[in-house]
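So the chains spell out like this:
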Amino acid sequence: MAFFHSLQESAFTDWFLGSDSIWTYPTVLTLHTIGMAILVGASFVINLRILQVAGDIPLRRLQPLYRFVWIGFAINLLSGLVLFVTEAADRVVDPVFYVKISSIAVALWFGMAVKRRVIDPSHGPTAAPIQSRSLAAASLALWTVAIVSGRLMAYVKK
Amino acid sequence: MAEFTAWVEATTLSKTLFGISWLWPLCESLHFIGLCMLIGGAGLLDLRLMGMFRGLAIRHVKALMPWAIGGFAINGATGTLFLIMQPHLYLSSVIWWSKMAFIVVAAMNALFFETRLAIPALSLDPEADTPLGMKVVGAVSLFSWFAVLYCGRMLPYLGTGN
Amino acid sequence: MRIRRVGLAIVGVALASVSLVAHHSFAMFDMERNVEYSGVITEWKWQNPHVHFNVLVRPAAGIDPKTAGTWDVEGGSINIMSRQGWTRASYKVGDPIRLVGHPMKDGSKGISLFYAIRPDGSRLYHDIARPKDDVKK
Chain E
1 MAFFHSLQES AFTDWFLGSD SIWTYPTVLT LHTIGMAILV GASFVINLRI LQVAGDIPLR
61 RLQPLYRFVW IGFAINLLSG LVLFVTEAAD RVVDPVFYVK ISSIAVALWF GMAVKRRVID
121 PSHGPTAAPI QSRSLAAASL ALWTVAIVSG RLMAYVKK
Chain U
1 MAEFTAWVEA TTLSKTLFGI SWLWPLCESL HFIGLCMLIG GAGLLDLRLM GMFRGLAIRH
61 VKALMPWAIG GFAINGATGT LFLIMQPHLY LSSVIWWSKM AFIVVAAMNA LFFETRLAIP
121 ALSLDPEADT PLGMKVVGAV SLFSWFAVLY CGRMLPYLGT GN
Chain F
1 MRIRRVGLAI VGVALASVSL VAHHSFAMFD MERNVEYSGV ITEWKWQNPH VHFNVLVRPA
61 AGIDPKTAGT WDVEGGSINI MSRQGWTRAS YKVGDPIRLV GHPMKDGSKG ISLFYAIRPD
121 GSRLYHDIAR PKDDVKK
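Respectively, the protein sequence lines represent chains E, U and F.
Position 5 (the first sequence) corresponds to 5 in our numbering; numbering is contiguous.
Position 82 (the second sequence) corresponds to 82 in our numbering; numbering is contiguous.
Position 119 (the third sequence) corresponds to 119 in our numbering; numbering is contiguous.
There may be inaccurate statements among the hints.
Claimed, not checked - The list that follows gives simulated cross-link-like pairs (lysine-lysine, DSS-like), each with its CA atoms no further than 25 Å apart:
| no. | chain 1 | residue 1 | chain 2 | residue 2 |
| --- | --- | --- | --- | --- |
| 1 | F | K45 | F | K105 |
| 2 | U | K15 | F | K92 |
| 3 | U | K62 | E | K115 |
| 4 | F | K109 | F | K45 |
| 5 | F | K92 | F | K45 |
| 6 | F | K105 | F | K66 |
| 7 | U | K15 | F | K105 |
| 8 | F | K109 | F | K92 |
| 9 | F | K109 | F | K66 |
Quick caveat, the hints were computed from the structure, so don't treat them as lab data.
All chains should be modelled from the sequences, with the hints used to inform the complete structure.
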């Protein structure tokens, strides 16, 4: 716990949140929103197609979308880490934070499971079987939870 | 503008809506979900028009448009609610008006695509590179939507007025 | 991955998130009320995303007893407040301050800053919002 307090009360946190470099926080926050748009946007497209409510894109054609999933995730992992450091002690005891992080982790895991099952195989099916559709539906729900809990974090702050 | 803003905020509708404590956070969450749907769907089409995802027929990508439009509709609705509840945060802000301007650019660009380029796009050989006109339309769209996102997110920092 | 496990996972996550939203109350400021507070700064946080400072209002003659206590005053981003004339050095711990703000509806000691009143009587606004009688033409 003392470790998280030392992060939250560090010189870096003071500089990032409050010094004359007033653009540090808004820039990182906006990058986090951009990363979310890319990560969740790509994931929505993949999952909607798997659920067969977004046309007939041949499943293997969805593969390049995963590049954007990881680009978005990388942006948000980095920006998220920076934001976390500045609130480390408050967030490490915040249940909403854990809901967000675990939703993201499971959604990414399900996304990779779908990729292995129906997108990567070169002679894959044209329609996703029920297990993959369930994973896709669950992913949509989880990304929604991630977004809502992320927004909620702004209201739970001390 | 200041009088109009004051008038709106004095209405029963504005006060009632803003008085529902969970409505504003709910609208924010929906606004984020809507933007992901919009950028996901429109983004894929824009990247395809710019020449990425070669081999993917454009008619397949267009199947995502209803979802992109749905996301836009969610954001139009939640955006209208924000305007009704707290117009003073927006109506005097250069950044907010810039956001609206970028939305108009994106919409006009989309209209141009639908009326002039949709037919050639749909009959394009999926393996062929896209013509320059389509690349420009795709790039303008992608840039505009991210500019909308930027303006929106930076509003509490770049300025709600003055 | 069995369908049932996936289904249970979704239900479990959904319930957890719903209960969190329901558990958290979005405590609100009463934006219709402008109340004046006169006290001393006991904590000063000049930072993004919101400037926060604590004000201790001691009971005294001429002080509305309902304003007595220690209040958490919330402002806006340092970007927006700077534009209204605020700086990191505007106030510090120990400084006296007079301010007008909107208190919490539920009676808890939180205030949404409207404006501070400088010793010369001029105002330091939080943002562009002005009192109704101050509406610029």
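Structure-based check of each hint:
no.	hint	in the structure
1	F:K45 <-> F:K105	holds, 24 Å
2	U:K15 <-> F:K92	violated, 35 Å
3	U:K62 <-> E:K115	holds, 22 Å
4	F:K109 <-> F:K45	holds, 17 Å
5	F:K92 <-> F:K45	holds, 9 Å
6	F:K105 <-> F:K66	holds, 13 Å
7	U:K15 <-> F:K105	holds, 14 Å
8	F:K109 <-> F:K92	holds, 20 Å
9	F:K109 <-> F:K66	holds, 10 Å
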